[in-house]
Amino acid sequence: MAPVSNLAADRLDLLDPREVAGLGGIEVVAQGVVEGFLTGLHRSPYRGFSVEFAEHRPYQPGDELRYLDWKVVGRRDRLYVKQYEEETNLRATLVLDISRSMGWSGAPERRLTKFDYAARLAAALALVLLRQRDATGLIAFDDEVRSVVPPRVRPGQWQAVVRSLMALAPGGGTAAERALARVTDLLRRRGMVLFVSDLLVDQELVLLALRYLRHRGHQVAVFHLMDPAEMDLDAAQEARFVDPETREDVIAAPRDLRHEYRATVQRVVAAWRRELRSSGIAYHHVTTDTPFGYALRRAAEGRARLG
Amino acid sequence: MYFLQPLALLFLAAALVPPLLHLFQRRRPPDVAFPAVRYLRQTEREASRTIRLRHLLLLLLRVGAVALIALAAARPVVPKRVGVGHEPTALCLVFDNSLSSGAVSGGARAFDDLAARARETLQAAQASDALWLIGADGIARRGSPAELLRAVAALRPEPVRLDLSAAVATGAQLVRSSGYARGEVHVLSDLQRTAFGQGDSAAAGLPLLFYHPAAEAPANRAVVSARAVPATWVAARGATVGAAPGMSGVAVVIGGAPAPRGAKVTVAASVGGRAGPRSLAAPGDAVLLPATAPAAGWAAGAVSLEPDELRADDQRSFAVRVVTAATVAVSPRADLGRFVTEALGVLAGAGQIRPGQGSGVLLGESAPPSGAAVVFPPHDPVDLGAANRALAAAGVPWRFGEPVEREDTLAAPQLSGVSGVQVRRRYRLEAVPVPGEPPRGVLARAGGDPWLVRAGRVVVVGSRLVPEETALPLTGGFVRFLADLVNRIAAGEEGILEAAPGDPVPLPENVSALAVGGDSLQPVVGGRAATAPASPGVYPLLAGEADTVGVLVVAPDPRESDLRRASAGELATLFPGARAVVASNAGAYAAERFRGAGRSELTGLLLLLALLLLVVEGVVAAGGIRRRNGG
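Going down the list, the sequences are from chains U and V.
For what it's worth, my numbering labels the leading residue of the first sequence as 1, then goes sequentially.
For what it's worth, my numbering labels the leading residue of the second sequence as 1, then goes sequentially.
Keep in mind that the hints are not guaranteed to be accurate.
[To be verified] Only part of the chain V face toward chain U is listed, based on derived beta-carbon distances under 10 Å:
| hint | residue |
| --- | --- |
| 1 | 28 |
| 2 | 29 |
| 3 | 32 |
| 4 | 40 |
| 5 | 42 |
| 6 | 44 |
| 7 | 55 |
| 8 | 278 |
| 9 | 281 |
| 10 | 284 |
| 11 | 540 |
| 12 | 617 |
| 13 | 619 |
| 14 | 622 |
[Stated by the list, open to error] Output of the computed footprint for chain V on chain U, the stretches with three or more beta carbons under 8 Å from beta carbons of chain V:
| hint | segment |
| --- | --- |
| 15 | 126-140 |
| 16 | 249-261 |
Bear in mind the hints are in silico, worked out from the structure with no lab data behind them.
Think of the CB as a built atom: it goes at the ideal place given N, C-alpha and C, for glycine as much as any other residue.
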């Protein structure tokens with residue numbers, strides 16, 4: 001087994017997102033991350049997003065022993081390995097929140113903004129899906145739906161998604177009611193919806209939209225992005241904290257509130273998780289200092305659990 | 001409770017710093033972009049009450065810590081609660097039953113109030129305590145509580161002055177030397193300002209408990225001085241007598257609190273039992289009451305005021321020597337100088353002397369074989385030997401010695417108008433040595449040497465009374481001195497002594513007894529100090545058994561008539577370092593009693609509390625308590 005340090009050096013999916021982002025544009029970063037992710041996936045007990053069992057074949061020297069089907073070995077006294085078949089009819093849509101709050105980082109010199117992180121994560125997810133021959137598309141929204149790339153599996157689809165991501169920038173507020181209604185309209189055919197947002201929106205509205213999608217047969221997974229500073233309120237002095245979207249403000253001394261604030265955020269996260277999972281929606285809480293590979297792996301785990 | 005460093009209480013103002021900083025920090029803070037404001041707002045909404053309470057708690061903790069540190073700097077001292085009894089204590093009770101304690105204020109006599117407090121203290125005392133009682137006589141008496149209770153019961157207001165500074169110093173010394181770990185000095189007094197002397201650190205470190213009656217000191221008026229002017233009167237039938245017309249009588253000084261404008265009191269004098277003139281006077285006034293000379297002899301008199309709250313100083317005794325004018329002759333061969341000759345003329349004109357020969361007083365440069373004489377140095381030094389032989393022949397044990405030419409100052413405590421006068425030239429008066437006896441009869445000294453001496457009825461003067469030899473002829477008291485010289489001193493009399501009750505008084509050498517009342521005689525040793533009688537009055541001084549040679553006038557110390565009270569600040573200044581507490585009611589006094597020795601300084605405790613508050617403040621500020629509770 002290779003040393004952990006070397007392993008990490010070879011795999012962009014396990015590196016600090018900020019460092020990985022410094023290596024190139026979204027396309028380069030996403031490819032590197034996905035390569036690392038898939039390498040790791042082969043060594044993991046999980047198979048991916050859409051990998052299905054297809055048939056057995058006789059064991060040949062060089063096959064990994066872990067793919068041996070020991071039940072068949074027991075019944076027939078011959079060595080067979082399992083072969084898997086990728087789904088080809090899945091329609092996956094990445095729904096990306098690009099509201100103004102997504103353009104914020106608590107430590108710009110050390111961490112990506114939530115939008116930058118989300119864009120790279122979306123690109124990586126799209127690449128993984130497309131490599132599995134899933135039709136993959138993209139919808140970006142803030143107050144309005146700003147960009148739509150219909151799900152396709154054709155060559156060049158990933159580049160189209162990446163181009164669309166590169167053309168995006170954090171926009172206005174998150175008066176997401178109309179946008180979400182538009183998104184649900186766009187997602188008429190049953191498929192997978194990957195919703196990436198900081199969820200600084202009307203919770204009831206989002207839950208209603210996501211439950212509607214789920215009701216229509218979509219597999220829905222939510223990536224709740226947060227900057228670590230939003231988790232810990234690590235500002236040093238008393239300040240007037242201003243919401244860049246709504247311009248709401250509150251004067252507070254972090255020293256006095258930090259503990260209670262953490263508790264509040266934990267309650268909010270727990271509430272999202274509880275509400276979404278009770279509706280059969282996968283929920284992944286991701287902070288912007290989490291390596292992309294971990295986020296992809298959580299998505300894969302959720303996919304596996306949802307079947 | 002009191003503070004050893006009360007000025008440090010000013011640091012309490014520093015307790016305002018935390019609230020001021022709190023207000024100062026409430027300026028508009030900087031803006032910070034933060035998308036999760038909704039979470040922050042929700043947090044603040046939910047925790048605002050807690051946060052406000054925490055801020056208030058922090059503020060109180062900081063204010064409390066600063067206040068405690070300031071209080072600690074002031075070094076507070078509090079009594080220890082000692083239950084029913086108290087730990088063995090050395091206690092000196094200074095009971096000021098001086099003259100002023102007889103003053104009535106608020107319907108009660110100060111003495112009775114002080115005595116009640118003394119009894120309470122002694123009743124609260126235990127057998128294990130060491131107790132002393134110092135009264136107005138200044139004597140410290142040690143005894144059991146019962147013995148000292150009896151002593152207190154026997155006390156009365158005395159017409160004496162008690163030096164409270166000295167009494168406190170004595171008490172402090174007794175307490176310190178008692179070997180007891182705990183000690184107190186109590187001063188039960190009306191706390192007259194004049195009862196204290198200079199500041200004294202003898203009581204430094206000791207609990208010093210002052211008690212005074214609650215009532216304000218009354219506005220007292222007193223006769224603080226009464227003297228016959230001049231001290232010797234010459235009898236003259238039906239006439240006012242004195243050294244000079246219009247200047248004789250009784251000089252009186254009225255003392256006490258200032259009276260309202262125009263308010264005066266009646267002053268009356270009596271001489272020899274006969275009522276004399278009256279006058280109106282206000283406190284601070286000096287008046288001269290003209291008087292008629294009684295029959296020749298020593299006469300006692302009194303000056304009195306209308307009664308007020310302190311009766312003991314409303315009357316004051318005085319004495320006067322009334323003589324028949326002496327027959328005075330000047331030796332024909334003597335050259336006494338123009339000033340003596342002129343003064344004798346004045347005295348003769350005023351009826352103070354009678355010029356003539358006979359059994360009177362001879363003024364000259366040589367002593368006569370017998371009779372009264374005043375001998376001056378011869379104007380021609382050649383006659384000095386003859387003068388000394390004449391003195392020897394007259395039995396006078398004094399001789400003219402070497403001439404002395406230098407500036408000296410006269411000192412004559414018992415002669416008025418002589419002390420302080422310069423002497424330029426004189427003969428040293430030398431006593432003829434008598435084995436086993438010191439020289440006697442010195443009435444005045446110049447530069448420490450005898451200058452005016454008396455032996456029997458012969459008076460010897462060291463200088464001629466001319467300006468070249470002494471400035472005495474040029475002084476205003478010269479004529480009076482000469483009158484005294486021939487009328488009283490040459491007659492062998494001593495004059496009038498004054499003393500306060502109980503004070504030591506130096507007696508003339510020829511005095512052998514003091515007539516203390518009726519036929520009672522108190523033997524004394526002439527030339528030594530005796531204790532003045534305790535009661536004011538006029539006491540004859542006797543030479544032998546019946547020959548009155550002078551009188552002793554005993555009158556209260558005028559300082560006792562000033563009832564103004566010393567303030568707590570003045571007491572603190574007078575007794576630096578002492579843990580002085582002033583109580584003005586029985587309850588406060590009882591609360592402080594037997595607790596002085598059991599006091600403890602709170603500085604350490606306060607600093608510990610301040611440290612504890614700061615630790616709690618740190619924990620609260622860091623949210624440590626909630627973090628632990630909240631997990």
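**Asked** Once the shortest beta carbon distance from residue 284 of chain V to chain U is found, is it less than 10 Å?
**Response** violated (71 Å)
**Request:** May I ask you to test the interface hint for residue 42 of chain V with respect to chain U, counting a Cβ-Cβ separation under 10 Å as satisfied?
**Result:** Hint on residue 42 of chain V: holds, closest Cβ of chain U at ~6 Å, below 10 Å.
**Request:** Identify whether the interface hint at residue 619 of chain V stands, where standing means a beta carbon of chain U within less than 10 Å of its own.
**Result:** violated (13 Å)
**Message:** Closer than 8 Å Cβ to Cβ for three or more residues is the test here. Does the segment 249-261 of chain U pass it with chain V?
**Reply:** holds (count 11)
**Asked** At a threshold of 10 Å, is the proposed contact between residue 28 of chain V and chain U supported by beta-carbon distances?
**Response** holds (7 Å)
**Minimum beta-carbon distance criterion (10 Å), residue 44 of chain V to chain U** = Interface hint status for residue 44 of chain V: holds (6 Å vs cutoff 10 Å).
**Asked** Are there three or more residues in the segment 126-140 of chain U whose C-beta lies within less than 8 Å of some C-beta in chain V?
**Response** violated (count 0)
**Message:** Can you verify the interface hint for residue 540 of chain V: is its Cβ closer than 10 Å to any Cβ in chain U?
**Reply:** Result: violated, 95 Å to nearest chain U Cβ.
**Message:** Quick check on residue 32 of chain V please, does its C-beta sit within 10 Å of some C-beta on chain U?
**Reply:** holds (4 Å)
**Restraint satisfaction for residue 55 of chain V [CB to CB of chain U, less than 10 Å]** = Cβ of residue 55 of chain V sits 8 Å from chain U, so the hint holds.
**Message:** Under 10 Å is the threshold here; is the Cβ of residue 278 of chain V close enough to any Cβ of chain U for the hint to stand?
**Reply:** violated (87 Å)
**Item:** residue 40 of chain V as chain U interface residue, shortest Cβ-Cβ below 10 Å
**Value:** holds (5 Å)
Checked against the numbered hints given earlier, the structure breaks hints 8, 9, 10, 11, 12, 13 and 15 and satisfies all the rest.
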